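Protein chains in written order, with the numbering used here: chain A, 587 to 730; chain B, 587 to 730; chain C, 587 to 730; chain D, 587 to 730.
Because the hints were derived from the structure by calculation, they are not lab data. Do not rely on the hints blindly, as some may be mistaken.
For chains that are exact copies, the list does not tell them apart, and a pair is met inside one copy or across any two.
Distance condition first, Cα-Cα at most 20 angstroms in a straight line; then the derived SDA-like pairs of lysine to any residue [as the list claims (entries may be wrong)]:
{"no.": "1", "residue 1": "K604", "residue 2": "P719"}
{"no.": "2", "residue 1": "K604", "residue 2": "H712"}
{"no.": "3", "residue 1": "K604", "residue 2": "L700"}
{"no.": "4", "residue 1": "K604", "residue 2": "F709"}
{"no.": "5", "residue 1": "K604", "residue 2": "G659"}
{"no.": "6", "residue 1": "K604", "residue 2": "L593"}
{"no.": "7", "residue 1": "K604", "residue 2": "E658"}
{"no.": "8", "residue 1": "K604", "residue 2": "G671"}
{"no.": "9", "residue 1": "K604", "residue 2": "R629"}
Values in this document were obtained by computation on a predicted structure and should not be read as measured data.
Protein chains: 4
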Amino acid sequence: MTAQTVLQTPTLLIDRAKEAMQKAYAPYSHHYVGAALLSEDGRIWTGCNIENAAYSPSICAERTAIAKAVSEGARSFAAIAIVGGREGHITGSFPPCGVCRQVMAEFCCPDTFLVFLGTPTGFETHTLRELLPSGFFPSALQGD
Amino acid sequence: MTAQTVLQTPTLLIDRAKEAMQKAYAPYSHHYVGAALLSEDGRIWTGCNIENAAYSPSICAERTAIAKAVSEGARSFAAIAIVGGREGHITGSFPPCGVCRQVMAEFCCPDTFLVFLGTPTGFETHTLRELLPSGFFPSALQGD
Amino acid sequence: MTAQTVLQTPTLLIDRAKEAMQKAYAPYSHHYVGAALLSEDGRIWTGCNIENAAYSPSICAERTAIAKAVSEGARSFAAIAIVGGREGHITGSFPPCGVCRQVMAEFCCPDTFLVFLGTPTGFETHTLRELLPSGFFPSALQGD
Amino acid sequence: MTAQTVLQTPTLLIDRAKEAMQKAYAPYSHHYVGAALLSEDGRIWTGCNIENAAYSPSICAERTAIAKAVSEGARSFAAIAIVGGREGHITGSFPPCGVCRQVMAEFCCPDTFLVFLGTPTGFETHTLRELLPSGFFPSALQGD
Chain A
587 MTAQTVLQTP TLLIDRAKEA MQKAYAPYSH HYVGAALLSE DGRIWTGCNI
637 ENAAYSPSIC AERTAIAKAV SEGARSFAAI AIVGGREGHI TGSFPPCGVC
687 RQVMAEFCCP DTFLVFLGTP TGFETHTLRE LLPSGFFPSA LQGD
Chain B
587 MTAQTVLQTP TLLIDRAKEA MQKAYAPYSH HYVGAALLSE DGRIWTGCNI
637 ENAAYSPSIC AERTAIAKAV SEGARSFAAI AIVGGREGHI TGSFPPCGVC
687 RQVMAEFCCP DTFLVFLGTP TGFETHTLRE LLPSGFFPSA LQGD
Chain C
587 MTAQTVLQTP TLLIDRAKEA MQKAYAPYSH HYVGAALLSE DGRIWTGCNI
637 ENAAYSPSIC AERTAIAKAV SEGARSFAAI AIVGGREGHI TGSFPPCGVC
687 RQVMAEFCCP DTFLVFLGTP TGFETHTLRE LLPSGFFPSA LQGD
Chain D
587 MTAQTVLQTP TLLIDRAKEA MQKAYAPYSH HYVGAALLSE DGRIWTGCNI
637 ENAAYSPSIC AERTAIAKAV SEGARSFAAI AIVGGREGHI TGSFPPCGVC
687 RQVMAEFCCP DTFLVFLGTP TGFETHTLRE LLPSGFFPSA LQGD
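Bound conformation, chain A alone:
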């Protein structure tokens, strides 16, 4: 399946994110989040949040999915779906935290990368630029 085909049916990605949410390791917050990341060449990687007793080494579902993809050679991405909740139910919209937006900014085109946020009744769609305007992008350092 191409990335374009998946983008025509975002619920495919949302469903993968829901499955991934079941693997979440969240013994401290009890909030479970799942993500499904689509690369430009049509592959999908999933992630969940993984917490840590010391809090700051915790990683979110979005970053888990991106780390998996990058570690397997992917470098350009089309979209990500994110769902969150408690006890396996989507209880609201969980927009990505600032850390995850920053990690997206490293690899994703602000104007074309799509973020699908699952809600109890459907999903919302944002571009990365809508979520991280005036971003601190790699060009800030690489331009030296």
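Position chains B, C and D against the provided structure of chain A, taking the given hints into account.
Then chains B, C and D, alone, in the frame of chain A:
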């Protein structure tokens, strides 16, 4: 001086951020950043970026200033000024990274908290909401 | 292959870590690190370091491998191999940073989890407890 | 007071850490931690833990104190005291997390930097090297 007075002359904050930039510890990136944070009651805290050989434990100027303020009892803030560059010169606009926006979101009102970004010739002004729309705010967890 | 079989031949893990190192995304430090994580049930996950322009959202090879494994349901681990260098050559021993040791502490038994550090001529072996004595373990919070 | 004088009476540092603990911002874990950092020239900086709804941008008491000190020009340190608990009472020994040990490694001499861990009845003393053996030190990158 009250917070309101300082906000009428943002260059006061910009100047404090420039001074703070000189304390930056940036042996890996060689980018020096300074910040000056204004609390609602008119106090000012400054910070600089502090890097780490392992990269991820690095902290930005903005978060350094916020950590100082919170550790001294401040909990509500009016504005922050941020300047960055190399070798002590402001070489461009350094918008806050996503991690810092997330930390601002913990303590600052999205609609009234102002971010002054120093540039080589002056400064730009943003609200936190403009920099972190659809943010992941504490209410997401505290609402349980 | 069982975990026990792999542990009898640590170079198997070292070799997987070397392969993973080739996927590293390290445009800022130019240090490339790879890791291969062995779960108790004999599965192997690999990871590489993935840097970020803002530095603190960077992730190390070890944490990438652990995030992959946990997101696919693994929860108990036997060992990890780590290699690092520049331009694809192992240039020294790259012991895990404190952040990665903390993430290991969340999932791994301090006394039995083995860390194999690749060197230009072979490898060294440590237990997690040797690398993180008097650790801040999950029990500190979960005991409430 | 010189650093040497303070080191002869570690309870001075412990007491400062206890005071700092009262400023902790810990609405998620409800664990309160305070730290007091002693520079080689006898100055003391205090810090507390400051949590974040997104967990990973949280900062520990130790790193708050170090960020404050470095941002005010200090670069070499003699010791740190750490105390932790709930509701203002020291409920046990809170050894520093791996992230904080890594940040100490950036600035502190492994063999001489002392870590005083407050306990309900007194304190324990460790060197940084005892807490972070085979550490990933700045020399790993700066040696290039």
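Status of the hints after comparison with the structure:
Proximity of K604 to P719 under the C-alpha cut-off of 20 angstroms is found in neither arrangement, the shortest distances being 28 angstroms within a copy and 24 angstroms between copies. With identical chains, the CA atoms of K604 and H712 are at most 20 angstroms apart within one copy only, with a shortest distance of 19 angstroms there and 35 angstroms across copies. With identical chains, the CA atoms of K604 and L700 are at most 20 angstroms apart within one copy only, with a shortest distance of 18 angstroms there and 34 angstroms across copies. In the homo-oligomer, the alpha carbons of K604 and F709 lie at most 20 angstroms apart inside one protomer (12 angstroms), although the nearest pairing across protomers, at 41 angstroms, exceeds that limit.
In this assembly of identical chains, the alpha carbons of K604 and G659 lie at most 20 angstroms apart only when taken from different copies (14 angstroms versus 24 angstroms within one copy). In this assembly of identical chains, the alpha carbons of K604 and L593 lie at most 20 angstroms apart only when taken from the same copy (17 angstroms versus 35 angstroms across copies). Within a single copy, K604 and E658 get their C-alpha atoms only as close as 22 angstroms, which misses the 20 angstroms cut-off; across copies the closest is 13 angstroms, which meets it. Proximity of K604 and G671 under a CA criterion of 20 angstroms is satisfied intra-copy only: 10 angstroms inside one chain copy versus 37 angstroms between copies.
Taking the closest pair of Cα atoms, K604 and R629 come within 20 angstroms of each other only inside a single copy of the chain (17 angstroms); across copies the shortest separation is 24 angstroms, beyond that limit.
Comparing the model with each numbered hint stated earlier shows that hint 1 is the single one that does not hold.
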